[in-house]
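Residues in the sequence shown are numbered from 537 upward in steps of one, following this note's numbering.
The hints are simulated quantities; they were obtained by calculation from the structure and are not laboratory data. Among these hints, one or two may not hold up.
Simulated restraints on C-beta separations [unchecked claim]: (1) Gly1125 to Met1063: 27 to 33 Å; (2) Ser942 to Asp767: 51 to 57 Å; (3) Lys640 to Val1090: 52 to 58 Å; (4) Asn918 to Pro1102: 49 to 55 Å; (5) Asp1137 to Pro1092: 18 to 24 Å; (6) Glu914 to Pro1076: 34 to 40 Å; (7) Ser1029 to Lys660: 52 to 58 Å; (8) Pro1076 to Glu600: 39 to 45 Å; (9) Pro917 to Arg1042: 17 to 23 Å; (10) Glu1039 to His961: 23 to 29 Å; (11) Lys1035 to Thr1106: 23 to 29 Å.
For each residue, glycine too, the CB sits at the ideal point set by N, CA and C.
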Amino acid sequence: MMKLIRPASLLMVPRVQDGSSKLKLQVGVRNFSSAELPSHMVLGMPALSPTMTQGNIAKWRKKEGDKIEPGDVLCEIETDKATLEFESLEEGFLAKILVAEGSKDVPVGQPIAITVEDEEDIQKVPASVAGGSGVEEKKSKHENAGNEDKQQEMSSTINTAELPPHIVLGMPALSPTMNQGNIAKWRKKEGDKIEVGDVICEIETDKATLEFESLEEGYLAKIVAPEGSKDVAVGQPIAITPLEAAYGALISAFCKVEDPDDIEIVKASVSSGSDIKKEKPQQQESRNEVRAEKSSFTRISPSAKLLITEFGLDASTLKASGPRGTLLKGDVLAAIKAGIGSSSSSSKDKMPPPPVHSQASPSASPERSHLQQSESFEDMPNSQIRKVIATRLLESKQNTPHLYLSSDVILDPLLSFRKELKEKHDVKVSVNDIVIKAVAMALKNVPEANAYWNAEKGEVILSDSVDISIAVATEKGLMTPIVRNADQKTISSISIEVKELAEKARAGKLKPNEFQGGTFSISNLGMFPVDHFCAIINPPQSGILAVGRGNKVVEPVVGGDGLEKPAVVTKMNLTLSADHRVFDGKVGGAFLSALRSNFSDIRRLLL
537 MMKLIRPASL LMVPRVQDGS SKLKLQVGVR NFSSAELPSH MVLGMPALSP TMTQGNIAKW
597 RKKEGDKIEP GDVLCEIETD KATLEFESLE EGFLAKILVA EGSKDVPVGQ PIAITVEDEE
657 DIQKVPASVA GGSGVEEKKS KHENAGNEDK QQEMSSTINT AELPPHIVLG MPALSPTMNQ
717 GNIAKWRKKE GDKIEVGDVI CEIETDKATL EFESLEEGYL AKIVAPEGSK DVAVGQPIAI
777 TPLEAAYGAL ISAFCKVEDP DDIEIVKASV SSGSDIKKEK PQQQESRNEV RAEKSSFTRI
837 SPSAKLLITE FGLDASTLKA SGPRGTLLKG DVLAAIKAGI GSSSSSSKDK MPPPPVHSQA
897 SPSASPERSH LQQSESFEDM PNSQIRKVIA TRLLESKQNT PHLYLSSDVI LDPLLSFRKE
957 LKEKHDVKVS VNDIVIKAVA MALKNVPEAN AYWNAEKGEV ILSDSVDISI AVATEKGLMT
1017 PIVRNADQKT ISSISIEVKE LAEKARAGKL KPNEFQGGTF SISNLGMFPV DHFCAIINPP
1077 QSGILAVGRG NKVVEPVVGG DGLEKPAVVT KMNLTLSADH RVFDGKVGGA FLSALRSNFS
1137 DIRRLLL
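Start from the sequences, fold in the hints, and give me the full structure.
In structure tokens:
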């Protein structure tokens, strides 16, 4: 069989073969064989955004048997960012749809369809690949026997019952068109501790050499793809990490994996470490029994009771040394010095396991399961976008030191200017459009506020352009389309662009370059009865401005005669959330001062 390899932006996945030699499937590679087999191509779930690991088939725009031209939209795929169109790069016919419309969480690289060149070849695609459950073909007896031998061989070197929960890291999709990459350099070696945000390795893509950062804490147990490896397909395993640092002692077990194919056997043999976690309740019970023996005192002296109350200790954890089992002051002081008996450590032992562990042992938290089984709640399935938003916002609050600065601005000059534009020039702009321009000019005047934190270097990086991200609420979640070079655009052009971007965001049609790479964000809730609020920073940006509604208030205003008189003005609250590693009070204050100046003399934005 000869193969003609053609360039494609589709994601490559490992080859799937049938032992009966009736059909050979290989994503991204066109196959030719005997007369009974048609030439075909297997389309995998593409990586349509750099962070995409899975997607949903929102809608098939072509049906089985349809003619396909280059540029035709095959289907709509809901990614972690938006709903994007998957276009064909080849001419042919859609022979088989492997993943049905509405399928959720389809991993990147999983086959979703088969195409053929000629219409008569459609009927030659075997029915064994039908059913929409994916391409699942039987291995030959020879392959099965080989796998069994491999399993036995591995079991002699790796006791799978002792393996910790682990993650197999695959080659990531670091650009929308990336289907393979080269391991340029490993920045971590086997056995190294990994923190969240640590650079594991440098990967050479089809565009540039990029850093692959860890999203989990743990250890690098095994490097599967050595430094210098070329053309490693996206999704192919490159390393193994245990899930918890507590299992660092078991890294040696992982290091015995020498063949990348063995990884699948290890994964199949380990059921998320449930055997290990089942032993923990027994250990806890034995600790409780020992504690009960130690705390078998019958009396507490007054001074000891006072110390216990003052330091918030758990008396049941303390050991008594006085006559007839009396707990003395010296016993409490010794416990305080040794750091035992604090209510916080005691509460940890008494608390039910967190939700992640409760999946392995559901009986450990009957109260939580009782609440979950209540009839007073309803499960709301999350879209891919909402899942990513939840993860990123939590990471931002946990990892970014937020600094909050708030100031009020007089809105009347802006409202008068807006009214004048409409009446004299027939230009309709919103308050938000003018706010975007005012913020952009303030960032230009205070470039230190238009920056981000480089964690690896521990430095502040100044951005060379002012790109404003606008928070837009959609049915699937919050999107942040970007007005690029906002400081260089007129208010009217900003208004037109914002409307177009908002429509695209609500329709799920934003392209990656339209929502990735902003330098500063604005969240405006002025259309709601919200006076002021604090927004969460959108990493890797270092600032976001929360805009409240305008309220009419009575304030002293200096009149033409130089005297202060009470007058009704419209005030609006602005709250800056800033990364304190980038912003200090001086930079934040300078930014808000420049912003207030723009609002007080709105015509300066026309300069």
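Hint-by-hint comparison with the structure:
no., hint, result
1, Gly1125 to Met1063: 27 to 33 Å, "holds (28 Å)"
2, Ser942 to Asp767: 51 to 57 Å, "holds (53 Å)"
3, Lys640 to Val1090: 52 to 58 Å, "holds (55 Å)"
4, Asn918 to Pro1102: 49 to 55 Å, "holds (51 Å)"
5, Asp1137 to Pro1092: 18 to 24 Å, "holds (20 Å)"
6, Glu914 to Pro1076: 34 to 40 Å, "holds (36 Å)"
7, Ser1029 to Lys660: 52 to 58 Å, "holds (55 Å)"
8, Pro1076 to Glu600: 39 to 45 Å, "holds (44 Å)"
9, Pro917 to Arg1042: 17 to 23 Å, "holds (20 Å)"
10, Glu1039 to His961: 23 to 29 Å, "holds (24 Å)"
11, Lys1035 to Thr1106: 23 to 29 Å, "holds (24 Å)"
The earlier numbered hints are all upheld by this structure, with none contradicted.
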